[in-house]
Amino acid sequence: MIELRNLSKHFTTSDGGVDALKQINLTIENGDIYGIIGMSGAGKSTLVRCINMLERPTEGSVLMDGRDMGSLSAKELRAMRRKITMIFQGFNLLMQRTCLKNVMLPLKLSGGNREAAEKKARELLELVGLPDKANAYPAQLSGGQQQRVAIARALVTEPDVLLCDEATSALDPKTTHAILELIRDINQKLGITVIVITHQMSVVQEVCNKVAILENGTVVEEGTVAEVFANPRAAATRNLINPSNPENDAIFPEGGQRIRVIFNGAVASREPLIAKMAVDCGILASILGASTRSVGDKAYGYILLDIPGTPEDLGRAIAYLSTIPNITVQVEAEYAAKEERA
Amino acid sequence: MNFANAFTPERLQEAWQCLLTEFPFAVWETVYSTLLATLFAVIIGLPLGVLLVTGEQKGIRPLPRPFMSFLNVMINLLRSVPFIILMVMIIPLTRVIVGTSVGTVAAIVPLTVAAFPFIARLVESSLREINPNIIETALSMGASPLQIVTHVMLPESVPSLVTNITLAITTIMGYTAMSGAVGGGGLGKLALAYGYQRYRFAVLYLAVIVLVVITQIIQSFGTWLAAKLDKRLKNQ
Chain A
0 MIELRNLSKH FTTSDGGVDA LKQINLTIEN GDIYGIIGMS GAGKSTLVRC
50 INMLERPTEG SVLMDGRDMG SLSAKELRAM RRKITMIFQG FNLLMQRTCL
100 KNVMLPLKLS GGNREAAEKK ARELLELVGL PDKANAYPAQ LSGGQQQRVA
150 IARALVTEPD VLLCDEATSA LDPKTTHAIL ELIRDINQKL GITVIVITHQ
200 MSVVQEVCNK VAILENGTVV EEGTVAEVFA NPRAAATRNL INPSNPENDA
250 IFPEGGQRIR VIFNGAVASR EPLIAKMAVD CGILASILGA STRSVGDKAY
300 GYILLDIPGT PEDLGRAIAY LSTIPNITVQ VEAEYAAKEE RA
Chain B
0 MNFANAFTPE RLQEAWQCLL TEFPFAVWET VYSTLLATLF AVIIGLPLGV
50 LLVTGEQKGI RPLPRPFMSF LNVMINLLRS VPFIILMVMI IPLTRVIVGT
100 SVGTVAAIVP LTVAAFPFIA RLVESSLREI NPNIIETALS MGASPLQIVT
150 HVMLPESVPS LVTNITLAIT TIMGYTAMSG AVGGGGLGKL ALAYGYQRYR
200 FAVLYLAVIV LVVITQIIQS FGTWLAAKLD KRLKNQ
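Note that the protein sequences, when read in sequence, are chains A and B. Take the first sequence: its position 157, counting from 1, is numbered 156 in numbering that gives the first Met the number 0, and each next residue is one higher. Take the second sequence: its position 45, counting from 1, is numbered 44 in numbering that gives the first Met the number 0, and each next residue is one higher.
Please keep in mind that the hints were generated in silico from the structure rather than gathered at the bench. Incorrect hints may have been included.
With a straight-line cut-off of 27 Å between C-alpha atoms, the simulated DSSO-like cross-links for lysine-lysine are [to be verified]:
1. Lys118(A) to Lys100(A)
2. Lys297(A) to Lys275(A)
3. Lys297(A) to Lys173(A)
4. Lys118(A) to Lys107(A)
5. Lys118(A) to Lys230(B)
6. Lys188(A) to Lys297(A)
7. Lys188(A) to Lys173(A)
8. Lys82(A) to Lys107(A)
9. Lys107(A) to Lys74(A)
10. Lys230(B) to Lys100(A)
11. Lys227(B) to Lys100(A)
12. Lys107(A) to Lys230(B)
13. Lys227(B) to Lys74(A)
14. Lys100(A) to Lys74(A)
15. Lys21(A) to Lys57(B)
16. Lys188(A) to Lys107(A)
17. Lys100(A) to Lys188(A)
18. Lys227(B) to Lys107(A)
19. Lys100(A) to Lys82(A)
20. Lys118(A) to Lys82(A)
21. Lys118(A) to Lys188(A)
22. Lys188(A) to Lys82(A)
23. Lys82(A) to Lys57(B)
24. Lys107(A) to Lys57(B)
Rough simulated footprint, nothing fancy, chain B against chain A, three-plus residues with beta-carbon under 8 Å [said to hold, decoys possible]:
25. 9–15
26. 81–88
Glycine included, C-beta positions come from ideal geometry on N, C-alpha and C.
Turn these sequences into a full structure, and let the hints guide you.
As structure tokens, this is what we get:
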């Protein structure tokens, strides 16, 4: 278990300073795939570097199974870094060494037996699907393959935690998907806790079970991915979930009746809901905006509907939609009031 | 001096004789004093170059600021003294080390002293070419500062180091020629002794041509080796 307690990081710059992290409190349980998401400059890279003390926190502490990372001696920290390993956006392989030598490097640093190290490294190249690339140099590999080698290298010391710093940001969507699958496999097969730093909500959606949203050095929202997706409270979260949210700059006509249909894990994601409402109630709703996603077999998100007709029609629409499990309906005015509070 | 008489058939004949009799030993002297001086300069300059990078305040093993300033100033001082002056200046040191200040072996001392600060700067620039993310990655694996130097920084910069040391060798060879003016041996001495003191310009030109050829060979070999060692180039 990793606990971040009141973690703050201040950088001194020529024009005063920057508070990159402000009083961060997070708990990452063993076996989690924990997403930390934020826009560039939100402080997520600093946060992940505080976990393995590549950056020293200005205040607060990082507890790894109860041990304060900041109080470790240089030697203890080096040993700990073999248990909390890291992969990066730029893969960062040694370009002058073969893939096998790259994967063996962490074991060589800890001074193990050479033959055992080579055996272990070959096993891991096998695990990441590149057994035939042992003698290839990184420059001969694609980005996705290089990241696989980096993953093998990160796993060779049998870590408890794998930190992924924008590990898929330099990859195309297809390769991203394959790498995320590998990360999930590793989490499930080897029981390694994974912390995923990203700016892409799709990455969190695909692999994480929990997520924290970071904005200007503060955690603005955290929870299970399902919860956060279903009901994003912070504006930053909504922007990340739907960066091209039509409501961000949409201007709706005055008057009219609008409702927000919120899917909170509704299983009936393939039901033609709006069409059925038209048939069953005779209400011809038009869709003003929508943002729904499937997480597993469940639907999360919302549809914004314009309901024509009288207040009675509105009432009937709300009543009809509310009967479906895991769907809640909010009248738009009510929603606006809620937004002011958030 | 009469330049017109420098290339008469008799003079050319004399130069040819000289090429056959004296040049082989002069070439040998030039080559071994260059290579030995380079070797000693690398032995001193390589660790200094590493310290210049690792010891700075943002480096992997920061050293006290006064020490780093001293190191930088010392290197700059040595680099700014013209070689021919430096050679005379350190005659006492040369005498302590070799026992004499005259001859090819004695010239290796000032050559080394002139070359090691140069090598230190070249090593520094080679190491600075390394992607800092790779250093960070090594840190994240639990590498100690010394391990980062030996397992990451030096191996990763081998092609660049080879290129830079080739440059150093050709520069040091230029210095050996200069050392001929103040007691050193080799092609430089030959060129000056014949060309400057006895107006045998044909010999001087021949010596220059041979120096150019040696430089070309060294440079081509260095370039080829650096390319061969660089695994970033695809399809090899």
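Do the hints match the structure? See the list:
{"no.": "1", "hint": "Lys118(A) to Lys100(A)", "verdict": "holds (12 Å)"}
{"no.": "2", "hint": "Lys297(A) to Lys275(A)", "verdict": "holds (19 Å)"}
{"no.": "3", "hint": "Lys297(A) to Lys173(A)", "verdict": "holds (23 Å)"}
{"no.": "4", "hint": "Lys118(A) to Lys107(A)", "verdict": "holds (13 Å)"}
{"no.": "5", "hint": "Lys118(A) to Lys230(B)", "verdict": "holds (24 Å)"}
{"no.": "6", "hint": "Lys188(A) to Lys297(A)", "verdict": "holds (25 Å)"}
{"no.": "7", "hint": "Lys188(A) to Lys173(A)", "verdict": "holds (22 Å)"}
{"no.": "8", "hint": "Lys82(A) to Lys107(A)", "verdict": "holds (15 Å)"}
{"no.": "9", "hint": "Lys107(A) to Lys74(A)", "verdict": "holds (16 Å)"}
{"no.": "10", "hint": "Lys230(B) to Lys100(A)", "verdict": "holds (13 Å)"}
{"no.": "11", "hint": "Lys227(B) to Lys100(A)", "verdict": "holds (19 Å)"}
{"no.": "12", "hint": "Lys107(A) to Lys230(B)", "verdict": "holds (21 Å)"}
{"no.": "13", "hint": "Lys227(B) to Lys74(A)", "verdict": "violated (38 Å)"}
{"no.": "14", "hint": "Lys100(A) to Lys74(A)", "verdict": "holds (24 Å)"}
{"no.": "15", "hint": "Lys21(A) to Lys57(B)", "verdict": "holds (24 Å)"}
{"no.": "16", "hint": "Lys188(A) to Lys107(A)", "verdict": "holds (25 Å)"}
{"no.": "17", "hint": "Lys100(A) to Lys188(A)", "verdict": "holds (25 Å)"}
{"no.": "18", "hint": "Lys227(B) to Lys107(A)", "verdict": "holds (26 Å)"}
{"no.": "19", "hint": "Lys100(A) to Lys82(A)", "verdict": "holds (20 Å)"}
{"no.": "20", "hint": "Lys118(A) to Lys82(A)", "verdict": "holds (19 Å)"}
{"no.": "21", "hint": "Lys118(A) to Lys188(A)", "verdict": "holds (20 Å)"}
{"no.": "22", "hint": "Lys188(A) to Lys82(A)", "verdict": "holds (17 Å)"}
{"no.": "23", "hint": "Lys82(A) to Lys57(B)", "verdict": "holds (26 Å)"}
{"no.": "24", "hint": "Lys107(A) to Lys57(B)", "verdict": "holds (26 Å)"}
{"no.": "25", "hint": "9–15", "verdict": "violated (count 0)"}
{"no.": "26", "hint": "81–88", "verdict": "holds (count 4)"}
Checked against the numbered hints given earlier, this structure breaks hints 13, 25; the rest are met.
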